[in-house]
Each structure stands twice: as structure tokens, then as C-alpha cells.
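Peer 1: Letter by letter, the chains look like this.
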Amino acid sequence: MIRHALAEGWLLFRQRWPISVTLALALAIPVCLVGFTVTLTGWLKPLAEATGEAQVVPILLHPHMDEGQRQAWLDDLATRHPDWKIRRVPPEELARRLVHWFPYLSDLLKGDSGGLLPPLVEVSAKDPSELDDLAGSPAVIAIGPRSSLRRFVEVAVTRAGWLLGLVSLVLLACTGLLVAIWVHLELYRHGDEITIMRLVGATEATIRGPFLVAIAIPAGVAGALAIAGTIGLTTVFTRLAAALGLPPLAPNAALLVGQVVVAVALPLAAAGFTLARHAVTEIEG
Amino acid sequence: MECRRHADPRIGRTPSVIRLRGLVKQYEARRVLHDIDLHVEAGEFIFLTGPSGAGKSTLLRLLYAAEKPTEGEVWVAGSRVDQLARSRLPALRRKIGVIFQDFKLLRRKTVMENITFVLRFHGLAPREAHKRAYLVLKRLGLHHRQSAYPDALSGGEQQRVAIARALAYQPRLILADEPTGNLDADLAAELLSLLCDINYQGATVVVATHDHSLLESIPARSLVLGGGTIEYDGSWPP
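Quick note, the sequences are listed as chains A and B, same order. The first sequence begins at 1 in this note's numbering and counts up by one. The second sequence begins at 1001 in this note's numbering and counts up by one.
Since the hints were derived computationally from the structure, they do not count as laboratory data. C-beta atoms are modelled at their ideal positions from N, C-alpha and C, and glycine is treated no differently. Watch out, some of these pointers could steer you wrong.
Stated by the list, open to error - Here are some chain A residues the structure puts well away from chain B; computed CB gaps all over 12 angstroms: (1) Met1; (2) Leu98; (3) Thr238; (4) Ala279.
As the list claims (entries may be wrong) - Listed next, with one range per pair, are the computed distances between beta-carbon atoms: (5) B:Gly1234 - A:Met1: 41 to 47 angstroms; (6) B:Ser1052 - A:Leu268: 21 to 27 angstroms; (7) A:Ile2 - B:Lys1138: 28 to 34 angstroms; (8) A:Tyr188 - B:Gln1026: 26 to 32 angstroms; (9) B:Arg1086 - A:Arg159: 33 to 39 angstroms; (10) A:Arg239 - B:Arg1086: 29 to 35 angstroms.
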């Protein structure tokens, strides 16, 4: 019966190839989008770690201050602003962040534990503009951005991730619906044939096999297209990032496998569900 | 022409192939069958007759589980059909050869494929299925049309293909719904002869027909349906 399923499934696919191609594309695009979103989110994760909450402002302290003076200055700051949260960033972490965004610094910063880099502290404040006064302090050599622009960028990046994810999910749901409608129409078109097959003793597996094969073909193509699309998008993005000296994007192998699984499993599940519903309606209806 | 009407009395009572108890079938307010009790032993040849709308086809549909009764029990080949799980229906239907009134041939398959397709469900290898299908088609005089599609056949030829499909896997129970409806007298006689042969080999045959001349052609148990019940059960003519 496997031969029957393959032969009939291939026939169904060929007879309805424009729909099959549309289905493959409709499936590939959201799966590709999900893959790219996940890759991009992973790439942006260090930025989110570096910035943390919206109110975190990095402050570079003067390297010529000794540890005692530095601690006294920080204690004074904490006393005057009890609502601020002050955190000393270890030099290794600062080096890691720099290397992430500027990979060409890796050799320079390798093994450096604070020799080259000035001490960094992060201050969490509800209103970052309150830190403006610190700019005139002799202990401070630089203060990070305190405008809301960075916060806006972070929020925009996070929300764009969510939006892309949501759009992908909606597209995937639409594709599932498209598959279900396609199967439903094909079942309607082959209704007499299916009834005859049931009456002469064909098992449900024999009846459903061709439909599942006809769906599995564009689903497999969609999986391949989704992988190609994700790799293509990340390659383009990597080129743009490289021009800015930023690290490359690389999709995870597990993610690519997951894309194929989703691309194949989703339409098969939709088709299986529709076929099962049809069988119940036909036999018991 | 003679068929094996009843089991050999020396062997004793044979197991029942069909048993109906208090069968009722109702479509909304219309009661088609009611209080049907029937017992058919293995190896019997039965004519099911009655006027149009008497419920002959409905009774057959209940036997091959295309419909469920409103009330009562339907037993076929030892299985209670009305309570059979959906997953077990194919196995039951593979024990029954059904000759449908409207043929129910697969339009996209050739004559040969229509038969071999069913034989494959029964586990026959492609070559064996082809061989057996050819023999049945030859017997029904259709071997020369094995590559034709159903739409290219006449009504009588389509009916013979439907018969060939039902007989090819040698089922123990054959249900035929107006099998001679599209056949001329000679072919009808040939078909009846074929069914008799199969019955003689031990299969139970139930033929639904409104053609009384068929009933007269062979001595067999006849059931007359009327008003939703079995009005007569015995040899023909009453």
C-alpha cells in the first residue's frame, strides 16, 4: 500500500501543482522568518545583557584613582542617591562585551584583566538624566548615553522580535488552515472514490496515505526553502554587520533541523486532523 | 440450475453468518425497517425481494455497515456490526463481497486495477492479484477490456466489473444489490450461475432483487420485504 500511497500522492501533487507550490512558499516564508528571528534575537542577546534595564547607564571611572578612592567615591554616590543601584562591572565582562561588538579587539584584550580598560560601573536609575551631574566629576572620564534614544532602540529591537514572531505564528496558522482547506476540497473532490475504497475494505491508512504524501512533498520543499532562506538572510545580514565591524550571524544547526520538522509536521498534522474528521463524519454522520 | 440452499443436515446446524434481532431503521420520521429478526446460516443462498422502497438496499447497507441501525442488533460473520469500532470496519468489509447497485467503480483506475486494488488489501502479491483478477474477468467475459476505464464501458460491462471485484477475493459472504439490473437475460443467467457456483463452494449469497423471474430460476430461500418487515420467508413461489 506504500506504493499506492506514493503513486497516488504524486499524482495528486502533480494535478494540483500550482496550489502545491503556493503551499510550499506559504509554509517556507513564516518558517524562514521564525528561523531568522530566533537567530537575530540570539545575536542581539549580548546587547540586551550589556544594557539590561532601560535605566542602566555605564560610567567609566578614571583609571588613575586607586581602589580606596574609587570605593569611597562609590560609597558617597550610594549615600547621596539611595534609589540608585550601583554595580561594578568586572574587567573580564567589559572585555567580553567589547570583543563581541568589535571582534578585531580580541587579540588586544586577550587575557587582559583591567590593565588597558578603565573601570566600569553601571548605575540603574529611574531617571537617567539625573546622572548628568556626574559628568563634571574628576572621578569620571565618560558616561554612557542617558537619553531615551537607546531605550527606544532596545524596546524597538525587542518588540520587532516579538512582532516578527507573532507574524510568523499567524502565517503558520494560516498555512495550517490552507492545508486543511486544500485537504478538505480534495476529499470532497475524491469523496466517491474514498467512499468506495472504504466500502471495499480499504484501511484508513490506505485512504489517507496519498493525501499525506501529496502534502509531504510541498512540506519537504518548504523545509528546504526555509533553511535556504534563513541562511540567505543571515548571510546578507552578516555582510552588513561585517561592514560595521560587528560579529557575524550564524543560524544554529538545531534551529535548521527544527525548521524542517515544523515545515513538515505542521501541514501533516493539519492534513491528518482534517482526514480524521472526514472519516468520522463519513462513517458516523 | 441448483445451488446449495441449506447446509448438509448430516453435519448439523451450521453457524449463522447473519443474525438480526429487533432491527429498526428509521430516517427522521420515516421508519424503513422495523422489528426485523433474521437468521442466515453459512452456505445459504437467499433472495431478498419486495417492491421499490421496501428496504432491501437499506438492509444490505446495514449488513456491510454503511449505516447504523436505529435499534436492534446486526451480527455478521460473528461480529456485532452495529457496535463495531471504526478501526475494525475494514476487516469486516474484507470478509464480505458487495455487488453495488450503482457499481461503485473507481473512475481513475482501469478495469484490472479496480480488481487488483481490492485484492491487494487481502495481502495478495501484485502478480498473484493480477492473475486472479484476469481469471475472474475471463469468466465474466471481460478480459479483453481489462485496460479500459469504467467510463468507457457499457452499463452491463460496468456491472460485471463490479461483480468481478466482489468475487475475486472469494469472500465467504456475498451481498448483491440488484446485480442483474443492467444485464440482458443471457448475462443475468450467467451471473446467477456464477453466484450458484460460489454458493456451492460454501459461500453465503444474499441477492436483493425486484425481478421475480430471477427467484423462479433457482430454488432458494426467499425473503419478501414489505411495510418495513419480512412478510414472507420460504421457498419461491410462496
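Peer 1: Give me the numbers of the hints this structure contradicts, sorted from smallest to largest.
Peer 2: Hints 1, 4, 6, 9 and 10 are the ones this structure does not satisfy, whereas the remaining hints hold.
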